[in-house]
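There are 2 protein chains.
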Amino acid sequence: MPVRTPQQQRSRATQARLLEATVECLVERGWSGTTTTVVAARAGVSRGAQLHHYPTKASLVMAAVGHLAERRAEEIRTEAALLPAGTQRLDRLIDMLAAAFTGPLFVAALELWVAARTDAELRAALVPLEAKVGREMHRLTVDLLGADERTPGVREAVQATLDLLRGLGVANLLSDDSHRRTALLAAWKRQLATVLASGR
Amino acid sequence: MPVRTPQQQRSRATQARLLEATVECLVERGWSGTTTTVVAARAGVSRGAQLHHYPTKASLVMAAVGHLAERRAEEIRTEAALLPAGTQRLDRLIDMLAAAFTGPLFVAALELWVAARTDAELRAALVPLEAKVGREMHRLTVDLLGADERTPGVREAVQATLDLLRGLGVANLLSDDSHRRTALLAAWKRQLATVLASGR
Chain A
1 MPVRTPQQQR SRATQARLLE ATVECLVERG WSGTTTTVVA ARAGVSRGAQ
51 LHHYPTKASL VMAAVGHLAE RRAEEIRTEA ALLPAGTQRL DRLIDMLAAA
101 FTGPLFVAAL ELWVAARTDA ELRAALVPLE AKVGREMHRL TVDLLGADER
151 TPGVREAVQA TLDLLRGLGV ANLLSDDSHR RTALLAAWKR QLATVLASGR
Chain B
1 MPVRTPQQQR SRATQARLLE ATVECLVERG WSGTTTTVVA ARAGVSRGAQ
51 LHHYPTKASL VMAAVGHLAE RRAEEIRTEA ALLPAGTQRL DRLIDMLAAA
101 FTGPLFVAAL ELWVAARTDA ELRAALVPLE AKVGREMHRL TVDLLGADER
151 TPGVREAVQA TLDLLRGLGV ANLLSDDSHR RTALLAAWKR QLATVLASGR
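Protein sequences appear in the order of chains A and B. So in the UniProt record's numbering, spot 26 of the first sequence is number 26, and the numbers just go up one at a time. So in the UniProt record's numbering, spot 74 of the second sequence is number 74, and the numbers just go up one at a time.
Hints are computed from structural coordinates only; laboratory data are not their basis. Do not take every clue at face value.
[What the hints assert, rightly or not] Here are some chain B residues pointing at chain A (derived, C-beta under 7 Å):
{"#": "1", "residue": "Gly30"}
{"#": "2", "residue": "Arg117"}
{"#": "3", "residue": "Val127"}
{"#": "4", "residue": "Asp143"}
{"#": "5", "residue": "Gly153"}
{"#": "6", "residue": "Glu156"}
{"#": "7", "residue": "Ala160"}
{"#": "8", "residue": "Leu164"}
{"#": "9", "residue": "Arg166"}
{"#": "10", "residue": "Asn172"}
{"#": "11", "residue": "Leu173"}
{"#": "12", "residue": "Leu174"}
{"#": "13", "residue": "Ser175"}
{"#": "14", "residue": "His179"}
A virtual CB, placed ideally from N, CA and C, is assigned to each residue, including glycine.
Just chain A, with the same shape it has in the complex (with noise of 0.2 Å):
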């Protein structure tokens, strides 16, 4: 870890407060209840400093986006590291996923897809970010299944699991879908396993 100054971690520190303000925000007011000078005060951080770090909303929130698939990534490798090996490997890769996919950060993240689909400048901004972020999500996803990309219909299959956990995400937006989410997944994942299985 490299050496930094007092200042530098205070620096650090206020810019992560901002980040979480940013999204529980988002979560609890949506895009257009989101503005910085909420933000702030959410954070406990002054509005010049707030400034200082994050000039404009689509700032803030690009690099709130940004930081937290970060570490909504660093988390799932991490707890994906502590499942055992097994059958009910997969089973579990795919319950934290889904997990990933009903929590905050997704939801986050809509209210932005859905306010930079008729927002030119935030658009502009936001598809290279996501662009990255679904890359990283997609590779993250084959490590921890161990899958093999090289077999036919498992990139596929990859895929249409984190499109299937979008499209779970958003059936779960308004009201609590997890009793026909279990059952569905508890489907796909036996699927899941055939098709990963088949190259080997």
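Keeping the supplied structure of chain A fixed, place chain B upon it in accordance with the hints.
Just chain B now, with coordinates in the frame of chain A:
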């Protein structure tokens, strides 16, 4: 068809214009940019007539979602009736459904789902409506695929197909995802065909 007076016919035509304009407005401007004034102007309907038929924004968008979900289902049924029987029928049906999940009605509905997440009144109205629309879409898909839900795994496979398509619809929001979607769905169709055939 019931006999209608000219006045009733005019009313229905006015309502249909308002509902179409509502969806167009949601697609172009999003939830926050959609107002009853803008919708009335776009539909070429007087403010008084708009207020008479749909006094609030919420009543307008609810009616629009219900009306257009029905129209969409009818279109899918009509198109599906023209498909030849045989091995390509399933593929064509999935393509039709994928088109529905990337089209204007899906985008308009997504605007509402996300807005309803942080708007208690809208949410209370939307949740039962969406549950009904979802059940009808599931039923329609089962019928069109000729799926036998008594066969183990079939019900979950049909649900997973619709959830996957919802996820693919979101993936297509900000940029054209059709290339990736086509490859992914080609693999999905083969898997779905296997599951559906397992009980036959």
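Outcome of the hint check:
no. : hint   : verdict
1   : Gly30  : holds, 4 Å
2   : Arg117 : holds, 6 Å
3   : Val127 : holds, 5 Å
4   : Asp143 : violated, 20 Å
5   : Gly153 : holds, 5 Å
6   : Glu156 : holds, 4 Å
7   : Ala160 : holds, 6 Å
8   : Leu164 : holds, 5 Å
9   : Arg166 : holds, 4 Å
10  : Asn172 : violated, 10 Å
11  : Leu173 : holds, 5 Å
12  : Leu174 : holds, 5 Å
13  : Ser175 : holds, 6 Å
14  : His179 : violated, 12 Å
Of the numbered hints stated above, those contradicted by the structure are hints 4, 10 and 14, listed in ascending order.
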